[in-house]
Amino acid sequence: AQSVAQPEDQVNVAEGNPLTVKCTYSVSGNPYLFWYVQYPNRGLQFLLKYITGDNLVKGSYGFEAEFNKSQTSFHLKKPSALVSDSALYFCAVRGKGSSASKIIFGSGTRLSIRP
Amino acid sequence: DVKVTQSSRYLVKRTGEKVFLECVQDMDHENMFWYRQDPGLGLRLIYFSYDVKMKEKGDIPEGYSVSREKKERFSLILESASTNQTSMYLCASSPAGRGAPRETQYFGPGTRLLVL
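Taken in order, these protein sequences are the chains called A and B. To convert, count from 1 in the first sequence and add 51; that's the numbering used here. To convert, count from 1 in the second sequence and add 25; that's the numbering used here.
I should point out that these hints are in silico values taken from the structure, not numbers from a laboratory. All clues stand as given, with none of them false.
To give a feel for the contact side, a few chain A residues facing chain B, derived at Cβ under 10 Å:
1. 55
2. 93
3. 94
4. 141
5. 152
6. 155
7. 156
One-sided and incomplete, this derived list gives chain A residues near chain B with beta-carbon spacing under 8 Å:
8. 83
9. 95
10. 97
11. 100
12. 102
13. 151
14. 157
15. 158
16. 159
Just so it is clear, CB atoms sit at the ideal spot from N, CA and C, and this is done for glycine as well.
Bound conformation, chain B alone (with noise of 0.2 Å):
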């Protein structure tokens, strides 16, 4: 079975802080994703991997960086935490290649950070 892991549900740092959250997947995807989750707004995506040691700046990347060191793991990283970064962080992956298996995404469930 899918499974995207992501390191914790429950995240509570102050301002500040360097944060680390962490994004394994089991499924040989070579896209990683992370979104970031507030209400009314959907999903935003922060950065996009499309293979080891690759990213792409999506559509929020101030304030966040990335890190794919190996194929199953994509690690989003905060550089210095602040109050508007509290929110439900997302990890996603899909395999690469043409044709619809690549379209879908196998989302994580989520990490709760509340930066204080």
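For reference, chain A alone in the conformation it holds in the complex (with noise of 0.2 Å):
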């Protein structure tokens, strides 16, 4: 069965300073993953995603995640936070080849990114 964890509910950041927030998943085959993020009373947003080639993909305001098969991880990282950057972010995985229906979300890390 697949899965997706996200071990932290919260993480403190100081503004300037780098960010990760963990993801790790568990899937039959090669992975799809993604990240998303959800802004105060709005929908999520795709931030990116690894699909197949490099390991190292990079997205949406200065946003990148490493695809780290061997610890199946897949660790969103920022090297200098942003206040704006303050909200609830979303793991998300699916097996290759299966259904677009069968993309499973993590539980969200609330990022709080202080001044």
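These two chains come separately, so use the hints to put the complex back together.
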């Protein structure tokens, strides 16, 4: 069965410091991996995805994520956090070859950036 | 610009009422989704539709039904609302076909439903 874990409910970072939001997954075969962000009272917005190719994926707003097959992880990173990055972040996974409906979302990590 | 709209941002209903949540997308996407979002549980798929009049149950379909009579519109129906259906409901769409583009879902702003 597919699963995705975001082990931290909340991550607190000072503005200007690097940030990491963790995600690990379990899926049969090769994965498709995603990060979405949700700002207050808004729907989810797509940030980035890993489908194939380079393990380091760059996305919107200066975020990037590294696919690590041996550790089954897809951590979200940014070199220098902004207060405006404060939001709820969701990792998601789907096994290649499975239906589009089989995407699984993590429980979310709330990122708080203090000035 | 890509757009998914939902009929209401906030909704208050009474137990036993029939509730309709509507979602419209203007991107000509084949796939449409209904999720509910609850704290600590992330997003859980209620129903999925991959074409007009076609639907597939998600992980938590009990107490819900859906309708897709037109490609751009996907409705979620709570047949008899209950207090445990109080939640944030999110609609999403994505293109069909092979390759990376179909993997990105576009979400509406959500409907926060309170059932009293």
